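Its first residue numbered 0, the sequence shown is counted upward by one per residue in numbering that gives the first Met the number 0.
Hints listed in this document are in silico derivations from the structure and should not be mistaken for laboratory results. Predicted, not measured: the structure shown is a model, and the values here were computed from it.
Straight line, CA to CA, 16 angstroms or less: simulated EDC-like cross-link-like pairs of lysine to aspartate or glutamate:
{"#": "1", "residue 1": "Lys152", "residue 2": "Glu198"}
{"#": "2", "residue 1": "Lys112", "residue 2": "Asp62"}
{"#": "3", "residue 1": "Lys80", "residue 2": "Asp48"}
Just the calculated beta-carbon pair ranges, DEER-fashion:
{"#": "4", "residue 1": "Ala52", "residue 2": "Met16", "range": "20 to 30 angstroms"}
{"#": "5", "residue 1": "Gly151", "residue 2": "Ala52", "range": "45 to 55 angstroms"}
{"#": "6", "residue 1": "Asp199", "residue 2": "His59", "range": "51 to 61 angstroms"}
{"#": "7", "residue 1": "Ile1", "residue 2": "Val115", "range": "33 to 43 angstroms"}
{"#": "8", "residue 1": "Pro167", "residue 2": "Arg192", "range": "35 to 45 angstroms"}
{"#": "9", "residue 1": "Asp199", "residue 2": "Gly68", "range": "27 to 37 angstroms"}
Each residue gets a CB set at the ideal place from its N, CA and C atoms; glycine is no exception.
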Amino acid sequence: MIELDRHYYRSWPRREMSIIGFDLSRPAVTYAERVGLLSSGISANLEADPVPAAAMDVLHGVDLVISTGSIGYITERSIKKILNAIGPRTPWFASFVLRMFPYDTIESTLGAKGLVTEKLNGVSFVQRRFQSMDESLQVLERLETLGLDPTGKEANGLLHAEFFISRPMDDRTAYPLESLADISQGVNRSTGRLYRRGEDGRVRLMK
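Hey, can you work out the whole structure from these sequences and the hints?
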């Protein structure tokens with residue numbers, strides 16, 4: 000699998016950039032390094048521990064932080080530690096946040112660093128399929144408690160995330176959000192199990 004993925008990612012257009020991976024799981028970081036997705040990888044639990052000393056130089060001066068699906072599982076504690084490790088440079092912070100999780104606390108944390116947060120309205124991004132019937136039911140219940148309609152999104156068996164970007168005000172003016180991202184993709188992927196809610200309100204495993 001590693002060899003197959005290494006060839007797959009090598010086929011992507013190349014960009015002159017350094018990508019640093021951060022995750023609690025050491026095996027996940029190692030895998031991403033071995034297939035060539037990362038320039039370097041860091042494994043740590045920033046909710047409980049400080050940024051590892053060996054990672055401080057690697058993180059210093061980072062331009063862009065991307066969080067995809069982690070908000071809600073990590074809190075502002077991790078975000079503060081990463082921003083402090085980056086140093087005086089003010090990075091952009093892009094987050095794909097599952098619709099069942101609030102973003103206001105993270106937005107306040109980033110605002111304290113001088114970053115202005117915007118949400119890309121009217122667009123959602125597929126994160127993944129539900130892993131189980133229980134997960135599907137739990138997420139649907141949480142969304143409805145929050146007053147969010149899952150029709151056409153989570154009710155179709157797919158976790159959806161919304162896009163937020165936090166930047167200095169000058170960058171926000173120079174690069175309007177609508178020019179950066181305006182698509183939703185992955186809805187029709189055919190791999191994996193699909194838990195979908197029907198018109199009768201019941202969730203079923205679709206073949």
